Structures are given as structure tokens and as C-alpha cells.
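Visitor: Sequence:
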Amino acid sequence: MEKVESKKQQTIEALKKTEELYVIISACTKMPYVVCDVETFDDEIFVYFSQEQAKVEGKKLLEEKIPVQIAKIEEKQKLGFFSSLYTMGINCILVDGHLETESRIQLEELVKRPQLDKIPEGQVWIENPQLYLTSLYFMQELRKQPKPQLTEELKELQEEILVNYGRGRFIAAIHNENGIPLIKKEGQDAFQPLFTDVLEFQKFNVNGKFRPMIVDANKVVQILVPDARGVVINPNSINLQLPITREKEKNHEKSVEQIAAEAIGKGEA
4 MEKVESKKQQ TIEALKKTEE LYVIISACTK MPYVVCDVET FDDEIFVYFS
54 QEQAKVEGKK LLEEKIPVQI AKIEEKQKLG FFSSLYTMGI NCILVDGHLE
104 TESRIQLEEL VKRPQLDKIP EGQVWIENPQ LYLTSLYFMQ ELRKQPKPQL
154 TEELKELQEE ILVNYGRGRF IAAIHNENGI PLIKKEGQDA FQPLFTDVLE
204 FQKFNVNGKF RPMIVDANKV VQILVPDARG VVINPNSINL QLPITREKEK
254 NHEKSVEQIA AEAIGKGEA
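In our numbering, the protein residues as written are 4 to 272.
Calculated directly from the structure, the hints in this document are not laboratory data.
A few of these clues could be false.
[As the list claims (entries may be wrong)] Taking lysine to any residue pairs in the SDA-like style, the calculated list, with each CA pair at most 25 Å apart, reads:
| hint | residue 1 | residue 2 |
| --- | --- | --- |
| 1 | K188 | R170 |
| 2 | K10 | K33 |
| 3 | K11 | K33 |
| 4 | K222 | T154 |
| 5 | K115 | Q205 |
| 6 | K212 | V224 |
| 7 | K33 | P70 |
| 8 | K19 | I76 |
| 9 | K20 | P70 |
[Stated by the list, open to error] So the derived label-pair ranges between C-beta atoms look like this:
| hint | residue 1 | residue 2 | range |
| --- | --- | --- | --- |
| 10 | G211 | G169 | 41 to 49 Å |
| 11 | Q152 | T248 | 35 to 43 Å |
| 12 | K188 | E144 | 19 to 27 Å |
| 13 | D192 | Q152 | 15 to 23 Å |
| 14 | A74 | K20 | 40 to 48 Å |
| 15 | P70 | K206 | 39 to 47 Å |
| 16 | E23 | E66 | 40 to 48 Å |
| 17 | E23 | D230 | 42 to 50 Å |
Since this is a predicted model, take the numbers as computed values, not measurements.
By construction, the Cβ of each residue, glycine as well, lies at the ideal position given by its N, Cα and C atoms.
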């Protein structure tokens, strides 16, 4: 046991000191590829010190028809990257997986979670980690299929997504001049962007032209513009489309199968 703990501490120190790391990224979500460990039930991502080893493991996943890429995390990006895992619901980092140097690090052992009770007065912390995590699993599984179909597993994930969405509080974008934006691809319906956390909002607001507005899930329908078919959650990453309308203010009035069927094939990664 002491040997294991010593190895873990060495890995943590190495993670803090290294100038670069390599992360396996899902091509389906543009976010870290996440798995649920069958023994520990950790929701974990794959991180490597060596680019070559990361490529080896990435190739194995590609051979299993799991579309992934390798991303480089530089020293100045590390803290922000690891801290962002909290907003995604990820709790574990598998370092050098399937190698002799393999080590499983709990996220809280590496970086501290923001203390929500110490947020300055007047500020609000928005995050939806359970919704984000379930959406990652859903999109990873759905979009890897050549012809997307709903399996029983995907239906269960979709049910979880709807429950977590209904409990959520989100960030909407308001343009400084043009009001609420819409996202539309040629020949497709328009969707209104909605963000699970400030990091996702910042990805959308790179030019600083939007201001955030906090909205509870049960109030989202009140800010839907007439041309919106629904909302798209985190359009710069998971890109999850949920069809909701003013006529049906609660998206759970539709069956899970209806909503999922409408979402399939939309919002390509």
C-alpha cells in the first residue's frame, strides 16, 4: 500500500512539474474522451506524459471504431484544463494507462475544487456537471455509429439528460446589439445556444460581443426567440440539441424516443 501511495505522489508531482501532457480527445465531442471504470466506477480521462504513448493508445481506440484525437496540454494550460474537469463531472485522471507507469489520480488530489461559499457577493457560480457528463457519454456513443440508432443504453442516457436538464441553471448569450443569437446550418432548424458553465460561454464569446444571462431550465422557454426550434447545449463542444418550443413549455411532455430521434444526426462534432 505504501508503495502504491508513493508512486501516486510521484505521479502527482510529475503532473505539476511537466511542461507538456497529452490527452486523448473524443472526436465526437471535442472534449476529453471519458470512460467509467468497471471496478472503481470513476469517470476518468486518459493523460500521457509521452506523445508517442498517447498515439499508441489512441490508435487502439481507433481500431475499436472509437474516433479520437491527441491534444497537447502545455504547462500554462494545465491548471485551467484540470480545473475544468470539475464542470464536466469528471473525477479521475488515468495517467499512462496500460503502461508500467500507470497511475490513477483523483482530481481532488491534483487540483482543488473552487470553494463556492467563498464566491464574491453578487456573483453566481453556474455549472451542470451531471448533465455535462451524461451528454459526453451519450454523444460519444451516438456519434461513433456510422448510422446513428438509439440503443437501450442510449435511451437510458437520454432519460438522464432530460432529468438533469430539467434541474439545471444555465447561461444564455445576449448580443450587445442584436439580442439573442441563433445557430443554424444550411437546410437545418435554428437552435438557441445555452451553456452549462462560464467556460463554455467563453468559448462562444471569444470576441466579447455577448453578455451572459442566467436562466433556470423551467424559464428557458420564456426567452426562446420565435424562430428557435429549441436549444443547443454547449455548441462549441458537445453540441447537444434539445427540441423545445413555446407551445410545449416542458420538453418532457414529449417522449424520450421523440426527443432523441429528433436530435440524432444533428449538431455534428
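Visitor: Against this structure, judge whether each hint is valid.
Guide: Hints versus structure:
Distance check on the hinted pair: K188 and R170 sit about 29 Å apart at the alpha-carbon level, beyond 25 Å; violated. The straight-line distance between the Cα atoms of K10 and K33 is roughly 31 Å, outside the 25 Å bound, and the hint therefore fails. For the given pair, K11 sits about 28 Å from K33 by alpha-carbon distance, which is inconsistent with the 25 Å threshold. Simply put, K222 and T154 have alpha-carbon atoms about 31 Å apart, too far for the 25 Å limit, and the pair is violated.
Under the criterion of a C-alpha separation no larger than 25 Å, the hint pairing K115 with Q205 is consistent with the structure, at around 22 Å. A threshold of 25 Å between alpha carbons decides the hint, and for K212 with V224 the separation of about 23 Å falls inside it, so the pair holds. For the proposed pair K33 and P70, the alpha carbon gap of about 10 Å is at most 25 Å, so the pair holds. Taking the CA atoms of K19 and I76, the gap is near 12 Å; set against the 25 Å cutoff, the hint holds.
A C-alpha spacing of about 30 Å is found between K20 and P70, which places the hinted pair above 25 Å, so the restraint is violated. The hint said 41 to 49 Å for the Cβ distance between G211 and G169, and at roughly 31 Å that hint is violated. A hinted range of 35 to 43 Å for the beta carbons of Q152 and T248 is inconsistent with their spacing of about 25 Å. Evaluation of the 19 to 27 Å hint for K188 and E144 yields a pass: the beta carbon distance comes to about 23 Å.
Look at D192 against Q152: about 21 Å separates their beta carbons, and that is inside 15 to 23 Å. Taking 40 to 48 Å as the suggested C-beta distance range, the pair A74 and K20 does not conform, at roughly 20 Å. At about 21 Å, the beta-carbon gap between P70 and K206 misses the expected band of 39 to 47 Å. The given range of 40 to 48 Å is broken by E23 and E66, whose C-beta atoms sit roughly 26 Å from each other.
The hint said 42 to 50 Å for the Cβ distance between E23 and D230, and at roughly 45 Å that hint holds.
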